[in-house]
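Student: Sequence order for the protein chains is S and A. Counted from 1, the first sequence has number 344 at position 281 by the working numbering; the numbering is strictly sequential. Counted from 1, the second sequence has number 73 at position 66 by the working numbering; the numbering is strictly sequential.
None of these hints come from the bench; they were simulated from the model. Note that the structure is predicted; figures quoted are calculated from it, not measured. Among the clues, some could well be false.
A short list of chain A residues far from chain S (calculated; beta carbon distances all over 10 Å) [said to hold, decoys possible]:
hint, residue
1, 37
2, 58
3, 64
4, 72
5, 80
6, 82
7, 84
8, 87
9, 123
10, 127
11, 135
12, 136
13, 174
14, 213
15, 263
A short list of chain A residues far from chain S (calculated; beta carbon distances all over 12 Å) [claimed, not checked]:
hint, residue
16, 10
17, 14
18, 78
19, 119
No farther apart than 27 Å at their CA atoms in a straight line, the calculated lysine-lysine pairs in the DSSO-like style are these [said to hold, decoys possible]:
hint, chain 1, residue 1, chain 2, residue 2
20, A, 38, S, 233
21, A, 88, A, 239
22, S, 361, A, 61
23, S, 238, A, 21
24, A, 191, A, 12
25, A, 21, S, 155
26, S, 233, A, 88
For glycine and all other residues, C-beta sits at the position ideal for the given N, C-alpha and C.
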Amino acid sequence: MKVPAKRLNAGVEYTTGFTATAAALCYTIVENFKVNLWDADLVHAAVWGRYPQTMEPLGGNVSSLLSVPQQNEGMGYALRNVPCAHIALITKKNAMNAAALSSILEQAAMFEMGDAIGNFERLHLLGLAYQGLNANNLVYDIVKENSKTGTLGDVAISTVKRAIADGVIKPLEKKPSGYTAYTTDDLNKWNAYAAAGLLAGTMITCGSARSMQHCPSVFIYFNDLIERETGLPGVDFGRVAGTGVEMAFFSHSIYGGGNPAVFHGNHIVTRHSKGFTIPCVAAAVALDAGTVIYTPEKISGVVGETLSEVPELREPLRYVNEAAVSIHGGI
Amino acid sequence: MVEYKPQYYPGSSKVSKNRKKYMDPSYKLKKLRTISDDDLVKLMGHRVPGEAYKSVHPPLEEMGEPACPIRELVEPTPGAKAGDRIRYIQFTDSVYFTPLTPYMRAWMGHTRYRGVDIGVLSGRVPLEMRERDLEKVAKELVETEIFDPARCGIRGATVHGHSLRLDENGMMFDALRRFVFDKKTGEVVYVKDQIGVPLDKPISVGKPIKEEELREMTSEYRVDGVPFREDKEMVEFVQRLHMLRTEAGFDPNRVKGI
Numbered sequence: 064m065k066v067p068a069k070r071l072n073a074g075v076e077y078t079t080g081f082t083a084t085a086a087a088l089c090y091t092i093v094e095n096f097k098v099n100l101w102d103a104d105l106v107h108a109a110v111w112g113r114y115p116q117t118m119e120p121l122g123g124n125v126s127s128l129l130s131v132p133q134q135n136e137g138m139g140y141a142l143r144n145v146p147c148a149h150i151a152l153i154t155k156k157n158a159m160n161a162a163a164l165s166s167i168l169e170q171a172a173m174f175e176m177g178d179a180i181g182n183f184e185r186l187h188l189l190g191l192a193y194q195g196l197n198a199n200n201l202v203y204d205i206v207k208e209n210s211k212t213g214t215l216g217d218v219a220i221s222t223v224k225r226a227i228a229d230g231v232i233k234p235l236e237k238k239p240s241g242y243t244a245y246t247t248d249d250l251n252k253w254n255a256y257a258a259a260g261l262l263a264g265t266m267i268t269c270g271s272a273r274s275m276q277h278c279p280s281v282f283i284y285f286n287d288l289i290e291r292e293t294g295l296p297g298v299d300f301g302r303v304a305g306t307g308v309e310m311a312f313f314s315h316s317i318y319g320g321g322n323p324a325v326f327h328g329n330h331i332v333t334r335h336s337k338g339f340t341i342p343c344v345a346a347a348v349a350l351d352a353g354t355v356i357y358t359p360e361k362i363s364g365v366v367g368e369t370l371s372e373v374p375e376l377r378e379p380l381r382y383v384n385e386a387a388v389s390i391h392g393g394i
Numbered sequence: 008m009v010e011y012k013p014q015y016y017p018g019s020s021k022v023s024k025n026r027k028k029y030m031d032p033s034y035k036l037k038k039l040r041t042i043s044d045d046d047l048v049k050l051m052g053h054r055v056p057g058e059a060y061k062s063v064h065p066p067l068e069e070m071g072e073p074a075c076p077i078r079e080l081v082e083p084t085p086g087a088k089a090g091d092r093i094r095y096i097q098f099t100d101s102v103y104f105t106p107l108t109p110y111m112r113a114w115m116g117h118t119r120y121r122g123v124d125i126g127v128l129s130g131r132v133p134l135e136m137r138e139r140d141l142e143k144v145a146k147e148l149v150e151t152e153i154f155d156p157a158r159c160g161i162r163g164a165t166v167h168g169h170s171l172r173l174d175e176n177g178m179m180f181d182a183l184r185r186f187v188f189d190k191k192t193g194e195v196v197y198v199k200d201q202i203g204v205p206l207d208k209p210i211s212v213g214k215p216i217k218e219e220e221l222r223e224m225t226s227e228y229r230v231d232g233v234p235f236r237e238d239k240e241m242v243e244f245v246q247r248l249h250m251l252r253t254e255a256g257f258d259p260n261r262v263k264g265i
């Protein structure tokens with residue numbers, strides 16, 4: 064099958080990739096197999112599924128990484144609608160790469176949504192660097208420090224220690240009880256450190272249990288613990304903790320939802336943190352050894368298998384690093 | 008570098024100090040009673056004592072793991088290594104001066120134990136882990152000072168009762184009557200497991216802790232005990248966090264030196 068590349072490139076919205084491919088596939092099958100007028104509708108059904116009676120090509124045989132725009136929760140959400148199951152399988156269940164790919168998609172979406180602009184641009188860029196791309200090896204170091212016996216509480220403490228050592232936070236005042244509140248002149252950088260700690264905490268908790276279901280508990284209580292440890296706000300200034308509460312309910316409850324692998328940044332209960340939660344979910348899904356009934360393999364189908372053939376998607380850390388080095392060298 | 012010691016919890020009151028103590032893993036929880044391993048397994052009801060652990064996937068060594076630097080670093084728990092199912096123990100804590108509040112179960116659980124999944128709801132706190140890991144943790148949760156036989160309930164379902172008045176024996180209400188007060192021995196006895204299936208033999212969890220002692224040990228703020236509003240440091244902490252979250256949401260660059 065040959066898809067008219069010019070049309071794809073000229074597409075005003077990202078669905079052109081899907082529509083052109085699906086239509087071309089139909090015509091190819093009809094022509095090559097000399098399908099008659101009366102059977103052609105079956106070919107359409109096999110390729111497009113139930114569309115257009117449904118919004119998405121339900122039951123169809125062409126799929127795209129991004130869901131249809133009608134399923135986007137709001138403007139600019141397109142890059143957020145990739146389920147964590149896809150991310151984990153595209154990156155071959157490498158937790159660092161899963162978090163990196165997810166963070167790139169999420170933080171790029173922040174630019175498209177209108178979040179990463181003006182005073183908030185640096186917040187998102189630092190979040191991408193420290194949480195998603197392991198800047199200064201922060202995530203890896205904290206995981207390493209706690210890899211054998213560390214708890215989530217230990218990870219929060221390691222994060223605070225590192226933030227103090229790197230001069231990101233400093234003591235503000237000692238209360239009569241002996242409790243010291245900390246302060247910072249760079250809240251964006253503190254947020255990036257806390258976000259890196261959150262990912263490390265997910266890797267320790269979900270990693271030691273080799274289970275994805277623990278991640279919402281991490282989102283709530285890592286933030287509670289680090290806030291109590293420092294007197295400074297948690298990741299995304301409370302939004303990750305709030306997202307954790309909802310996600311815990313909808314990933315554990317008798318009322319519906321699903322396991323963490325079906326969640327994404329465009330999901331009704333996990334959209335609220337601006338790019339800092341979903342990378343951790345992707346890492347948790349990557350670290351699961353097979354504890355869920357509805358597995359990432361079942362959810363992702365051929366998407367993960369196919370797109371993991373694209374090296375830049377499979378190993379984003381390596382390719383971002385190489386690109387950064389080439390730009391830096393150029394500068 | 009500034010000298011730093013983990014703080015765990017702010018506040019100046021007795022209650023906040025108790026919270027800090029329970030959350031600090033270097034503090035060894037006092038053991039008050041002994042529950043045999045078999046009895047604990049029966050109370051949770053996930054398997055018969057002596058029965059092999061069921062598994063949800065093959066042992067990690069047999070199935071092999073994908074190439075991942077984090078999997079190489081992070082040591083799996085014994086239960087994860089073996090491929091155990093994930094099981095739970097769930098507690099209901101009365102509002103009347105119990106050692107732990109629901110949130111404390113989560114904070115303490117995450118500072119003391121590795122690989123735990125804890126959720127806090129209004130009247131119940133489930134703790135989920137790989138089965139053999141859970142049994143170890145559950146033992147400490149039931150045998151030590153953070154469990155009061157009369158005011159903490161091991162309840163998998165029909166958990167209602169945390170906010171009701173205590174009965175004439177000082178027991179928290181339980182619609183399924185899983186635990187009863189034995190007047191002869193003065194001990195609390197479980198006659199059903201956590202989801203209400205009758206046990207072949209009753210299991211004693213010991214005598215209730217005295218009211219005066221509970222008031223000293225509790226991590227609950229109460230108007231008729233230690234009111235939250237009297238812990239000025241604690242109120243300041245909560246207000247500070249509320250303001251910082253709000254101001255940072257407005258413009259993180261403007262928040263400086265506070």
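Student: A separate judgement is required for each hint: does it hold in the structure or not?
Tutor: Hints, one by one, checked against the model:
1. 37: Nearest chain S Cβ is 20 Å from residue 37 of chain A, so the label holds.
2. 58: 20 Å, holds
3. 64: 4 Å, violated
4. 72: At about 7 Å from chain S, residue 72 of chain A fails to clear the 10 Å cut-off, so the statement is violated.
5. 80: About 4 Å separates residue 80 of chain A from the closest Cβ of chain S, which leaves it inside 10 Å; violated.
6. 82: 5 Å, violated
7. 84: Non-interface label fails for residue 84 of chain A: nearest chain S Cβ at 5 Å, not farther than 10 Å.
8. 87: Non-interface label fails for residue 87 of chain A: nearest chain S Cβ at 4 Å, not farther than 10 Å.
9. 123: Contrary to the label, residue 123 of chain A does not stay out of reach of chain S, its closest Cβ about 7 Å off (not over 10 Å).
10. 127: 8 Å, violated
11. 135: The claim breaks: residue 135 of chain A does not keep its Cβ more than 10 Å from every Cβ of chain S (closest is about 7 Å).
12. 136: 7 Å, violated
13. 174: Residue 174 of chain A is indeed farther than 10 Å from all Cβ atoms of chain S, at 29 Å.
14. 213: Non-interface label on residue 213 of chain A holds, nearest chain S Cβ at 28 Å vs cutoff 10 Å.
15. 263: Non-interface label on residue 263 of chain A violated, nearest chain S Cβ at 5 Å vs cutoff 10 Å.
16. 10: At about 9 Å from chain S, residue 10 of chain A fails to clear the 12 Å cut-off, so the statement is violated.
17. 14: 6 Å, violated
18. 78: Not fine: 7 Å to the nearest Cβ puts residue 78 of chain A too close to chain S.
19. 119: Incorrect as stated: the minimum Cβ-Cβ distance to chain S is 7 Å, not above 12 Å.
20. A:38 to S:233: With a Cα-Cα distance of about 38 Å, the restraint between residue 38 of chain A and residue 233 of chain S is violated, given a limit of 27 Å.
21. A:88 to A:239: Not satisfied, since the Cα-Cα distance of roughly 47 Å exceeds 27 Å.
22. S:361 to A:61: 23 Å, holds
23. S:238 to A:21: Since the Cα atoms of residue 238 of chain S and residue 21 of chain A sit roughly 15 Å apart, the hinted pair holds (cutoff 27 Å).
24. A:191 to A:12: 49 Å, violated
25. A:21 to S:155: 51 Å, violated
26. S:233 to A:88: 40 Å, violated
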